[in-house]
Every structure is written in structure tokens, then in C-alpha cells.
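Given chain A, put chain B with the ligands in place with the hints provided.
Same order as they appear, the protein sequences are chains A and B. Using full-length UniProt numbering, read the first sequence as starting at 1 and increasing by one per residue. Using full-length UniProt numbering, read the second sequence as starting at 1 and increasing by one per residue.
Hints are not guaranteed to be accurate.
[Unchecked claim] On the chain A side, residues computed to face chain B include the following (Cβ under 8 angstroms): (1) A152; (2) R156; (3) A446; (4) D449; (5) S451; (6) E454; (7) I458; (8) G460; (9) G462; (10) L464; (11) V470.
[To be verified] Cβ-Cβ distance ranges computed for the label pairs, FRET-style: (12) A:E551 with B:P321: 56 to 62 angstroms; (13) B:E137 with A:S293: 20 to 26 angstroms; (14) B:G251 with A:R371: 57 to 63 angstroms; (15) B:A182 with A:A549: 57 to 63 angstroms; (16) B:T132 with A:P250: 51 to 57 angstroms; (17) A:R371 with B:E65: 31 to 37 angstroms; (18) A:L472 with B:T132: 19 to 25 angstroms; (19) B:E137 with A:A164: 37 to 43 angstroms; (20) A:L472 with B:E137: 18 to 24 angstroms.
[As the list claims (entries may be wrong)] Heads up, incomplete: computed chain B residues facing chain A, CB under 10 angstroms, no partners named: (21) G71; (22) V72; (23) P75; (24) G82; (25) F85; (26) G87; (27) N99; (28) P327; (29) L331.
Keep in mind that the hints were calculated from the coordinates and are not lab data. As the structure is a prediction and not an experimental result, all values here were calculated from the model. Glycine included, every Cβ here is placed at the ideal spot set by N, Cα and C.
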Amino acid sequence: MSPLARWLGLFAWLVPLVLFAVGPVVLLLARGAGAPGTLGWDWLVSEAGALGNTLAISGGAAVLALVLGTPLSLLLFRTDLPLRGAFTVLFTLPSAIPAFIWGMGWLSLASPRAGYLNRLLGEGTLDIHGPVGIAFVEGLSGLPLVLLAGAAALRRVDPALEEAARVCGASPARALLTTTVPLVLPSLLSGAVMVFLMAASSFGVPYLLGVSASPPTRVLTTRIYELVLLGDEGLGRASALALALLLLTPLSLLATWALGRSGRVRLSTGKGLASRPLSLGRARTGATVGVASTCALLVLLPLAAILLTSLQRSFGARLAWEELTLAHWSGVLLEPRTLRATGLSLLLATGAGALVCGLGLAAALLQRAFRRLGAGVEAVAVWPYAVPGTVLALALLLAFSRDWRFILVDKVAFVLALAHTPWLLLIAYAAKYLALGTRNSAEALAQLDPSLTEAARISGAGPLRAFVDVPLPLLRPALTVAFILAFLSCATEITMSVLLVPAGSEVLGKLLFDLQSYADPAAAAVLACAFVALVVLGQAVLALVARRAAEAR
Amino acid sequence: MAAISLEGLFKSYGATPVVRGLSLEVREGELVSLLGPSGCGKTTTLRMLAGLEHPDTGVIRIGGEMVAGPGVRVPPERRGLGMVFQGYAVWPHRSVEENVAYPLTLRHMSKTEVAAKVREALRWVRLEALATRRPHELSGGQLQRVALARALVASPRVLLLDEPLSNLDAALREELRAELAALRARLGTTLVFVTHDQGEALALSDRIAVMNQGVLEQVDAPETLYREPATPFVAGFVGGANVLTGEVREGAFHTARSGTVFQLSADTSAPPGPATLVVRPEDLALGEQGTPLPLSARLFLGHAAEYRFPVDGTLLRVVAPPLEVRPGQTLKVQLRKARLFSVG
Ligand SMILES: Nc1ncnc2c1ncn2[C@@H]1O[C@H](COP(=O)(O)OP(=O)(O)OP(=O)(O)O)[C@@H](O)[C@H]1O
Ligand SMILES: [Mg+2]
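So that you can see chain A by itself, here it is in the shape it has in the complex (with noise of 0.2 angstroms):
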């Protein structure tokens, strides 16, 4: 690329990051620094509460995660149990689900009164309301990111460590824990920090667990939107606990950065170190029981509840053959409203989809064509995705509440009016998800020969043709992939759609939103039902295209 079109490509790529995620984030961040002068200290103690919920929720979950974790990725990355394909691919569906179906299964499962655990165990058993349960439905839906984060160091580990401790006489249980645990366990905990990140940005879930319960549980994001339904006077104040929010990132990721590097030191580098599964001997039956009920009751069973509520004639009904119904589903999904929502749901995701494959690919190749200054580019194109959804909105809302005007020569003047339309949300999809983007292609293109292209060049092609007809097919699985991901998440997104939906408008995630909490519980459980067969079949194609990329090379 001549130094000209690399500049000019910067530029072009860099205008509407800035004017889309990082311009109204900074002007979000200023705004909630200076809130306390205005306000007053005494109102930043008065949400002290909020904070502290925020830390402590996120805490436990990282534990439960951690906890849950630490065991279950050994069992399913370094030993010889039975079935962990497949138990694998169960385990990843608490992350690919958004959190917030998972908090209405428990809802179902252990509200005090109608949930159908606590009609087994006598009413008031369990109780999901509250700081516990949140932190415990957060807990089970970041443990994914526990498992990934083992499964990753454990291919790492090399062998070799662990036969060394056999030789010097450990059992094999003995050598696992005593040389394999603590090589991981920085891996792991990083895992765990990603997991208090996610539970402290997660709006849906304290939501629904906590604004109902008494009393009522009140967290950093929840706040935030209460305070932004009450307009004007409230934003200013919400601005400023987003910015207390926002500072959780940083400092969670390093945190993680921090025990990557401790992490790494001990951990041979060389890929694909394949080590004999540990056998389980005796202990294969215990191991596989355990396995399989902690997967039937933490994975499994929340989604039979939501099936079981959307087929009951009315939540907390007798359970009786002849008292379920399909009335739900056919009121639901042939509701105009419904389809609506679809249409401009799929609509959304597939253009954010396609922001983020475009900018995205961009973004990988200005990476590699400024070698210093590709840091950058990445940091821009992926810092968005650690931005609590929450805060991500509330800047957008804030930047685009009024009209922009842009006067480019003496009487073309362009105006931005984003404020109540769609627009915003794409915009939010697109840069929330742009990291999906930026890393699928980031590594494809690292893979990439440079010489291939250079071939297409001596052959006698331009650089665009070269361009179309060396990388551009052989970054396309890559791009399917992106694709894919970011379009489930936009289809299933809830916090953004929250806080940006127009009036008048509606997408499928804020549907589920207000059908849950504030109509229907049955109609919500089928929408969640769509859901999760929305994400289960995308999961479904990403292992095909794996499977064909796998194959072709």
C-alpha cells in the first residue's frame, strides 16, 4: 500500500469510529466528571449502595465461576470423561444465550412462590430475588469464559512437567494438582476477572432479579436506567455513575493482563502440545454422574422451565397435561408486533453484522499496514466491546439527543438527526461488536502469506483485483464467523435495544424486555424459546463452517 492510501484508508476508517463510539463515550466521561461539582458530593454517597451491590454481585460470580470452573475444565480438557465433546459444547451455552434467559429459567424454576422447584421442595424454599441469586445466574452465565480461559492454558501446559512429577513418584492425581492446577490457575483466574466484568456490565439480569425484590437490590446499571427515565435532570447523575462503571474496565483488565503475563512465564509457548488424557480409572463413573447432573441442573433445567412456562396455560397453574397449551406461541409469534420487532431485528443485525465484517477487516489490514501504529487501530476497534452496554447507550443517547451540523463547504451542510431512530442502534450493535471483527480477521490475516498476493500482483493484477481475488476468499470463513457471532448478539442484544429503541419502534430484545417484566411471563418464555433456537442454529452453522475450514486446508 503507497503511503498516501494508507493514510487516506486511517482517516476514512478512523471518522466514524470516532464520531460514533469514542467521540460520545469522551464526551459521556466528561460529563460524568464533572457531575460531582455540580451535584454535590453527598449524592455520589447516597449511591454508594448501588456501587458496593455492583462489587460485591460481580465478585460472587467470578467466585461461582471460578469454583464451577476450575474442576470442570480439568475434567473436560485433561481427562478421559466420557462424552466432554458434547458436555463441552453444553457448558459453552450459558455464554452464546444472552444472560437475561437464563435469569427468567431461574425465575421460573425458583421464584418464592410459583417456581417449580419450590412446589417440589415446599413454597419459599429457594428464592431467586436478590443479590445471591443475581450474582448466582451471573455466575453460571460467565462460567464459559472460566472453561475457555482452562482449555486455552491446559493445551499450553507442557507434559511433560506433569510426567516429570510421576517419574519423581506422584500419583497421577497427585502430579495433576501439584504441577498442572497451579500453572493454570492464572489462566483461570483471568477467566474469572472477565467474569466479574461481564456480571458488573450485565443490565438484564439485575433487572429482573433485582428491582422486584424487597428489598429491592439496585446495582451501577440498573441505576443508570432509572435514572435516564427520568429525563433530563437524571442524566447527569447517571453520567457519572457510567463513568464509575467505565473505570471498573481498566482496572479488571489489568487485572487480567497482569496474571496473563504471570501466567505465561511458566507456560511452555510452543502450540499443540498433545498430551495422553489422563485416565479417570475408578473414579469414570463418579466423575461422568457428576458432570452430567451439574450440566442437567445448571444448563439444561433452567431452559425446560422457560419451555414448560411458555406451554402452561398461566405461570403458576396447576402442572397438568390437560393445563398446557400452544395458545402462547400462536399469540406470540403471529403477533404483528412480534413481527415487527423480527423484521427490524434481523434487519439491525444483519447490517451491524456487515459494519463489522467491513470495519473489522478494515481495521486488521491497517493494523498490519502501520506496524507501530496498528496498537492503536486495534485498541480503537476493540476497546468498545469492554464498554458496559449501558454506558455504551447512555453516550450515544447523550451525544445524538440533539442534532449535529456539519457545514463542509459554504452552503453544503450535512445534518446528523440520529436522536429516536434507528440509526442509533445500529451504530451501537456495530461498534459494540466491532471487536468480533477486528480479531476474526486480525488472526486470518496474520495466517495469510503475503507472497500469495504479491503472486496475484506479478500475474498482472491491480491492487484492488489482486486484492478481491487472493486474501478477500481466503479471509471468508473468517468473515462468516464474525458474521455470524455479531449477528446473534445484535438479534439477541437487550441492554443497548433497552435504553436506544424508539418510541414506536421495537426490536426483539426489548420485546423480551417488556414482555417479561412487565406483561407476560408466558408470552416471554416463548420469545425466549425463539431465542435460544435463533442460538443454538447459529451455533450449528459456526461448527460447520469450522468443520469446512478445517477441511479445505
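Showing chain B with the ligands alone in chain A's frame:
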């Protein structure tokens, strides 16, 4: 069918100079080899010729037209070249014939014409049977031949080959060398051939350009290069000669470190002073006279044997008729023919 001229090329990556003041003229239809050790800048030179890198300073002309120089930078697709990359660069998403057809499709030829030319190119490289295969179903040598076919299918005026035969077995390499020579005779293509195999360069080239650390040491016809190396490096690299540094004093050569003395024959002209001694293994003799040296190893070569003696931290190699000797024994080594390069 174009002459190439490189004038005063410099290229560095960051602070590391890779090509330093390289000038080279290649005549129309000539085959010039770039020969040199790994990392000496052969690929970089070829890439500048192809337009994939731009020289920091210097001028490149192809067929009289300036393609790189101050303010001029003709992109690779407009230089009319064919190139075989060191790593083949066969496109994994295209079949063998699609790979080979690509340069032709860019030239807007008719389908039948393309098919005919592809078939011809695949015949040259003996790959007709594999036309529909995908690259991941091919061996390294077959990939290399796909790259070769793709480079020459459009009859380019200049063909750049970066170690195009390195992955082939001896018989196939021999066959393709012959094909390449025939092809050149027929098309009159100018060829620049990168290799670090001196045998290949000697057998194939009209002239050989020997490179060392980014500098051209000598450009000459193979025989001249072999008989009259211009520098100790060329002698060492091309003829496999022994190279020793030291000093000429009183008709003898004294090595720098251990002070081992080699008597110079009368016909070796050598002014006294610091010098580099270059002598081929065949030009050393074992016998009654000469410098006594301890033998460290003996390698049987069939018609002869190679004897190795540690001198000044390197091994002095002598090729002589097989003798019944064992390592540890002291033998007398005599210079029969040597070249001396004055230092400084
Ligand atoms: N893109 C690059 N950036 C930095 N250094 C480079 C780059 N390409 C090559 N070099 C360096 O330039 C030097 C010359 O490289 P070049 O590829 O031209 O060597 P070569 O003669 O082709 O060697 P070989 O026979 O191993 O292929 C090497 O030291 C190499 O490390
Ligand atoms: Mg090379």
C-alpha cells in the same frame, strides 16, 4: 525479451542495510544467476526487480524503461514479469489449472486460448495429470512446478526465479533445467535465477553474480568465476576453496593465529605483507615434503578421499588419492597452486 539494468541499488529494512550499492546489467535473453549464502539479499534484490519492494536509492530499468528510480515506481502488474516465489505462493483456494490460468485471464484471452496455454504450461512442468487437484493435495515439489508453470504461462519478457528447483529430486531437477534451457532458447526470455546451490548456478547460467552481505562480489561467466575468483569470498563460496588469513614473508605464507608456515611454489607471485591465502582442496598435496599437520578426519569420496587438518580454528580440506592413514597421524601438506589476495 528485455534487458535489465540495476544501477546502484541500496535497500535497508529499518537500520539494517540489506542491499548495498548493487549494480548489474543483464543482457536480453541472458540467464544470470544470483548466487550467495542465506540472508545475503538475493530475494530482496529480486523483489526490487519485481516491484514488490522499492529501492531506497538507485535505478532499475527493464527493456530500457525506467521502472524504479527517483519519483518513478512502476507497480509489479505493469512490469510484464513472471516470478516463482521462494515459498511457491500457490493460491490454496484455486486448483492447479486455475492457478496457472490466472495471469492469462487478466489478459482478456478467449477461453479456448487460455485452456490451450494452460495445458502447454502444465506439460512443460509434467503436471498434466494433476490439473484439477487442489494445492493441499500436492507435494512440495509439485507445488513448485505449479508456481513455475504459472510464472511462464503468459510468456513474460523477464522471468524471475527464486530457488525454483530447490525442492525437486535430482532427476526431475535435471529434466526441468533442460526444459528451462529449451524454453529460453525458444522464447528468448531473460532470466534471473536465484540459488544458493553453486553446482546449479555453474551448470545453468550464462553469467553468475555472486553476492555477499548485500554486495556484489563478482559477475562473470561460470568458468571465469571458477578459475579466477576475484575475491577470497568468491573462491571460498564457488570453488569450495580453503581460505586462510595471515602474512607473506620470505616466499612463505604464515597463518595469522598459529603461525603455521606453508611454503609457496615458485610460480605464485606474492608481494610480502598481510594477505589471504585461497587454495582449493584439489590443489593441496600430501607427500614427503610440506607442512606437517595432524589429521583430524578422513572422508572417503570414492575416487578420492578428503582429509581434514585443524589450522587456525578452521579445517583445512585436502582432496587426494585414498591413503591408509588414521586420524591423529601427522601428514605433510604441500601447496601446489594457490591464490593470494593482499589485504588492505
Ligand atoms: N521484510 C523484512 N524486514 C526486515 N528484514 C528483512 C526483511 N526481508 C528480509 N530481511 C533481511 O534482509 C536480509 C536479506 O534477506 P533476503 O531474503 O534477501 O535473503 P536471501 O539472500 O534471499 O536468503 P535465502 O537464501 O535464505 O533466501 C536478511 O538478513 C533478512 O533477515
Ligand atoms: Mg531468499
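The hints, checked one at a time:
no., hint, verdict
1, A152, "27 angstroms, violated"
2, R156, "27 angstroms, violated"
3, A446, "16 angstroms, violated"
4, D449, "6 angstroms, holds"
5, S451, "4 angstroms, holds"
6, E454, "5 angstroms, holds"
7, I458, "5 angstroms, holds"
8, G460, "4 angstroms, holds"
9, G462, "6 angstroms, holds"
10, L464, "11 angstroms, violated"
11, V470, "6 angstroms, holds"
12, A:E551 with B:P321: 56 to 62 angstroms, "60 angstroms, holds"
13, B:E137 with A:S293: 20 to 26 angstroms, "47 angstroms, violated"
14, B:G251 with A:R371: 57 to 63 angstroms, "58 angstroms, holds"
15, B:A182 with A:A549: 57 to 63 angstroms, "42 angstroms, violated"
16, B:T132 with A:P250: 51 to 57 angstroms, "55 angstroms, holds"
17, A:R371 with B:E65: 31 to 37 angstroms, "32 angstroms, holds"
18, A:L472 with B:T132: 19 to 25 angstroms, "23 angstroms, holds"
19, B:E137 with A:A164: 37 to 43 angstroms, "41 angstroms, holds"
20, A:L472 with B:E137: 18 to 24 angstroms, "23 angstroms, holds"
21, G71, "13 angstroms, violated"
22, V72, "13 angstroms, violated"
23, P75, "7 angstroms, holds"
24, G82, "7 angstroms, holds"
25, F85, "5 angstroms, holds"
26, G87, "6 angstroms, holds"
27, N99, "9 angstroms, holds"
28, P327, "38 angstroms, violated"
29, L331, "48 angstroms, violated"
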